[in-house]
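Peer 1: All chains should be built: construct the whole structure from the sequences, respecting the hints.
Chains as they are written, first to last, in our numbering: chain V, 1 to 412; chain Y, 1 to 323; chain U, 1 to 300.
If you're looking for bench data, these hints aren't it; they were derived computationally from the structure. Where a beta carbon is used, it is the ideal one built from N, C-alpha and C, also for glycine. Mixed in with the good hints, there may be bad ones.
[To be verified] Covered stretches of chain Y, as calculated for chain U (at least 3 residues, CB under 8 Å): (1) 47 to 54; (2) 126 to 136; (3) 142 to 151; (4) 157 to 171; (5) 189 to 200; (6) 286 to 297.
So the chains spell out like this:
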Amino acid sequence: MAEVSFEHVYKRFNDSTAVSDFNLEIADKEFLVLVGPSGCGKSTTLRMLAGLEEISDGEVKIGDRLVNDVAPRDRDIAMVFQSYALYPHMSVYDNMAFGLSLRGTPKQEIKRRVGEAAQILGIENMLDRKPKALSGGQRQRVALGRAIVREPAVFLFDEPLSNLDAKLRVQTRAEISKLHQRLGTTFIYVTHDQVEAMTMATRIAVMNLGVLQQVGTPQELYDQPVNQFVAGFMGSPAMNFFRATVGGTPDAVTVDTGSFSLNVPAGRATALRDYAEKEVILGIRPENIHDAAYVPTGLQTEVIEATVDITELMGNEIFLYLKAGNLSFLGRVDPRTEARPGNKVRVAFNMDEMHAFDPQTEESLTSSAPRPKTEAVAAVGIAVLDQSDVKPIGDDAGEPSTDLVPPITKGG
Amino acid sequence: MTIRAKVAATPATQPTTLKREEERSGAGPLSLFGKFLSKFSVHVILILIIVAWSVPTFALLVSSFREPADIARSGWWNALTGSWSFTLDNYDQVLSQRNMGRAFMNSLIISVPSTILSILVAAMAAYAFAWMRFPGRNMLFLLVVGMLVVPVQMTLIPVLRIYGDVTVDTQVPIIGGNLFGINSFPGMWVAHTAYGLPFAIFLLRNFFAALPRDLFESAYLDGASEVQVFFKIVLPLSGPALAALGIFQFLWIWNDLLIALIYMGDPELAPMTLAIRNLVSSFGTQYQFLTAAAFISMALPLLIFFALQRYFVQGVLAGSVKG
Amino acid sequence: MLWLLPALSLVAVFLVWPVIDTVRRSFMNSDSTKYVGFDNYRFIIDNPQPISADTHAALLNNLLWLVVFTGVTVALGLTIAVLAGRVRYEAFAKSAIFIPMAISFVAAAVIWRFMFELNPDQGTINAVVTKLGAEATPWLQDQGGPQTWFTNQGPQDWPQPFQINNFALISVGIWMWTGFAVVILSAGLKGISTEVLEAARVDGANEWQIFWRVIFPQIIPTMVVISTTLVIQALKNFDLVFVLTGGRYGTDIVATLFYKQSFVDRNFGVGAALAVVLLAFVVPIMLVSIRRFQAQEEAR
Numbered sequence: 001m002a003e004v005s006f007e008h009v010y011k012r013f014n015d016s017t018a019v020s021d022f023n024l025e026i027a028d029k030e031f032l033v034l035v036g037p038s039g040c041g042k043s044t045t046l047r048m049l050a051g052l053e054e055i056s057d058g059e060v061k062i063g064d065r066l067v068n069d070v071a072p073r074d075r076d077i078a079m080v081f082q083s084y085a086l087y088p089h090m091s092v093y094d095n096m097a098f099g100l101s102l103r104g105t106p107k108q109e110i111k112r113r114v115g116e117a118a119q120i121l122g123i124e125n126m127l128d129r130k131p132k133a134l135s136g137g138q139r140q141r142v143a144l145g146r147a148i149v150r151e152p153a154v155f156l157f158d159e160p161l162s163n164l165d166a167k168l169r170v171q172t173r174a175e176i177s178k179l180h181q182r183l184g185t186t187f188i189y190v191t192h193d194q195v196e197a198m199t200m201a202t203r204i205a206v207m208n209l210g211v212l213q214q215v216g217t218p219q220e221l222y223d224q225p226v227n228q229f230v231a232g233f234m235g236s237p238a239m240n241f242f243r244a245t246v247g248g249t250p251d252a253v254t255v256d257t258g259s260f261s262l263n264v265p266a267g268r269a270t271a272l273r274d275y276a277e278k279e280v281i282l283g284i285r286p287e288n289i290h291d292a293a294y295v296p297t298g299l300q301t302e303v304i305e306a307t308v309d310i311t312e313l314m315g316n317e318i319f320l321y322l323k324a325g326n327l328s329f330l331g332r333v334d335p336r337t338e339a340r341p342g343n344k345v346r347v348a349f350n351m352d353e354m355h356a357f358d359p360q361t362e363e364s365l366t367s368s369a370p371r372p373k374t375e376a377v378a379a380v381g382i383a384v385l386d387q388s389d390v391k392p393i394g395d396d397a398g399e400p401s402t403d404l405v406p407p408i409t410k411g412g
Numbered sequence: 001m002t003i004r005a006k007v008a009a010t011p012a013t014q015p016t017t018l019k020r021e022e023e024r025s026g027a028g029p030l031s032l033f034g035k036f037l038s039k040f041s042v043h044v045i046l047i048l049i050i051v052a053w054s055v056p057t058f059a060l061l062v063s064s065f066r067e068p069a070d071i072a073r074s075g076w077w078n079a080l081t082g083s084w085s086f087t088l089d090n091y092d093q094v095l096s097q098r099n100m101g102r103a104f105m106n107s108l109i110i111s112v113p114s115t116i117l118s119i120l121v122a123a124m125a126a127y128a129f130a131w132m133r134f135p136g137r138n139m140l141f142l143l144v145v146g147m148l149v150v151p152v153q154m155t156l157i158p159v160l161r162i163y164g165d166v167t168v169d170t171q172v173p174i175i176g177g178n179l180f181g182i183n184s185f186p187g188m189w190v191a192h193t194a195y196g197l198p199f200a201i202f203l204l205r206n207f208f209a210a211l212p213r214d215l216f217e218s219a220y221l222d223g224a225s226e227v228q229v230f231f232k233i234v235l236p237l238s239g240p241a242l243a244a245l246g247i248f249q250f251l252w253i254w255n256d257l258l259i260a261l262i263y264m265g266d267p268e269l270a271p272m273t274l275a276i277r278n279l280v281s282s283f284g285t286q287y288q289f290l291t292a293a294a295f296i297s298m299a300l301p302l303l304i305f306f307a308l309q310r311y312f313v314q315g316v317l318a319g320s321v322k323g
Numbered sequence: 001m002l003w004l005l006p007a008l009s010l011v012a013v014f015l016v017w018p019v020i021d022t023v024r025r026s027f028m029n030s031d032s033t034k035y036v037g038f039d040n041y042r043f044i045i046d047n048p049q050p051i052s053a054d055t056h057a058a059l060l061n062n063l064l065w066l067v068v069f070t071g072v073t074v075a076l077g078l079t080i081a082v083l084a085g086r087v088r089y090e091a092f093a094k095s096a097i098f099i100p101m102a103i104s105f106v107a108a109a110v111i112w113r114f115m116f117e118l119n120p121d122q123g124t125i126n127a128v129v130t131k132l133g134a135e136a137t138p139w140l141q142d143q144g145g146p147q148t149w150f151t152n153q154g155p156q157d158w159p160q161p162f163q164i165n166n167f168a169l170i171s172v173g174i175w176m177w178t179g180f181a182v183v184i185l186s187a188g189l190k191g192i193s194t195e196v197l198e199a200a201r202v203d204g205a206n207e208w209q210i211f212w213r214v215i216f217p218q219i220i221p222t223m224v225v226i227s228t229t230l231v232i233q234a235l236k237n238f239d240l241v242f243v244l245t246g247g248r249y250g251t252d253i254v255a256t257l258f259y260k261q262s263f264v265d266r267n268f269g270v271g272a273a274l275a276v277v278l279l280a281f282v283v284p285i286m287l288v289s290i291r292r293f294q295a296q297e298e299a300r
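Peer 2: In structure tokens, the structure reads:
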């Protein structure tokens, strides 16, 4: 049984704080993915759990045991590293057997376990080779095998797929998921790739700037992001954001971006009731922007006119890079669209799926998902505004019209 | 071996404090290994080694600034405890009367042109070995590099015989000595260049070969000739390698005794090393002269070492196959 | 071909031809006037003049150099590289060890004559030794075995080559070459991936096991490179012995004996044969290291 818990965990390096007030309970047999942009503290968190990084403050428990001062070898964990970290001077067999032989496991038992793991991973025929003689994908398997034979209570993965090519990554993703089902152990997996997080996790924990932003199932994070960071991070292409002023009457609320105005459906209007005549940040995912001519039946939409900048055919859909007034945004529309670069097109916003965020705190006004307990969130709201590559909205209050959301940065 | 034993006997200290230490010094691979050693014993052992390594040179330096009578009567360490009658006389004596000034100049006249010449000749050959295709290229390269094993002493007699035949005893103005052959500076230049070639070619060829092929191909497409490629692309890109090699060649030539001993018998033309050796034979225990002279001969190498340490280390790493 | 001409002709005249000529003269008499077959090699094996030209002693001394000099330098280099990697003054420590490499053998000879000076009021080592209660000794001349000094008793002479002065000479060699080993080993240690060491920790290795089972096996190739260089250095070694003792007091090695035979005793035949013997030892080592180097190149 291996639940893992973090209680008020901090990691400080000299004068900077890499992880602050991190609280997380991970249930036994869970596949938890820790995701966030590079430098957000997710790897540090994992390494604290592994015992490779000292815990500055707080408590980390594996099972019921406090492990703050327990050496890595006594934590009953196994880890797969980004560079695989295979012992270059040992054969594949010895790489996998090393941990067991250090523990004095009988030879026969080692042989049995290595054999089993090799079979699961399909590397039986390369046990005598040195890591140098293996391809990237094969090395990856050996690294997995080295973890499997140890039969640990918790598996840790530190960006294990980032050195593989795109095709192999997709394939290995599925295999790791399968492995999780087969082994029935706790998996904790760190990645910067939200697609990996979405596809593999039973629960996702999003981090930014050392602070846990939201924990939940993939669907929950996608549908109910608790703040603008999570909303922008999960999903590709990223959500469109517009700075908008709430207007209209209490019965017919509108949001006005300066370039166009949209009616807010009653279901969403309640979230905005405290913001009458104030600014909010409006968020719409690209798949909720349709070509008005091909709106799926049953949707209540708001239609505006926009200019097509660029079109990208993806096969089953088309990405439209659109412009309305001074705002640019991205729509994922039906491939039958007649939109051509330079032309005007009528686009339909599915406002039932709109999100709204407070422009100061960046907290979601529309999400009902639980927020993580932390004292550090307020501080981060400000910090997010300072980080230029995360911030989709300009601070320059002078010209709201230039506050474009460039989803293009992630596009392609 | 005693050091090993000490290391092994050091008890492990509390892991938490050590982990903090490791954080601060940046956790490299070695800090992982040494975690169980107490920091303290690491410092003690290392400092003892550093002291042991530096004391000989330091003793020389201190003694060279002491009165001859003091040197004969008391150890150099006494100078550190207060009663140091500091003097520059030894240097004055050695430079003016013992001809060390002239010897220093001779060392320079031998070392600088030899270094430049050997790098130029080696660079040309290394370029050919690295980037030109001709039959027997690898065999020739191995032959040249194989010459690394030849002990220089072995070549002295045959070369001396050749030099005896080709000596031109016309005095060269300004620098002095014969025009070529025995007791001539040009003779030394050529000899040092030749002896340094195997290593220099080995080092430079490896460096040149590692330059990207595209670079040469695009230069040829742009219409550059071999000579232009060599001077405009290869040499400028090889700065670090040339610097490392230059330092090495210079130090070897500056520090050489044997070649000077055989080909440069004339005391007037002798470099520092030879002059000091002669001093040792005639004033075996008069350390005031020996220490000052030795330090003069070390000054330039040490200066170069400290100024260009980075290149020096690179050179060691690149040429670690040298014998 | 013009690119190679200067280099090749210099190498031919100054290196290739002398080697051929030396091999030829090793089969000739003392003034190279007539062929004498293997007489000179027989001289080296039979050692007929143990006083003026003790060929056996020279060979044994070379062997001692080879083993002790190489072994201690590599071991010490590894120790220092490991320790220096743990401290913040790593660069300083390494330069301190490395400095002797920049010094000429002649200057080193002056430095160490001064260190080894018999008078405890001058020689640093004898000053320390007498402070510790032992007897001062002329380190470079003392031909006794090390045990005679440690115990002041026992057999006065150990078999050649275990003489105190040989060890004194070798320690100067170690002083000069340890920096070389440190620099290369230190780079080798830094090249070991941190993640691999972390993997070993997670796998359950303690620090001692990490060193011996993960770090050490990975730097063995580096140590082989260093050892090769040092072995060749030990075999070719000439300057150090030449300037410190001139091969007197039983410290001759093959290279110094060669020099004496050729330039002092004018016995060119034996001299040349000694040089050829030396070469015969060095060449195979060099071949192996070149082969290994080429393999590395191809693997790159």
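Peer 1: When the hints from earlier in the document are held up against this structure, which numbers fail?
Peer 2: none
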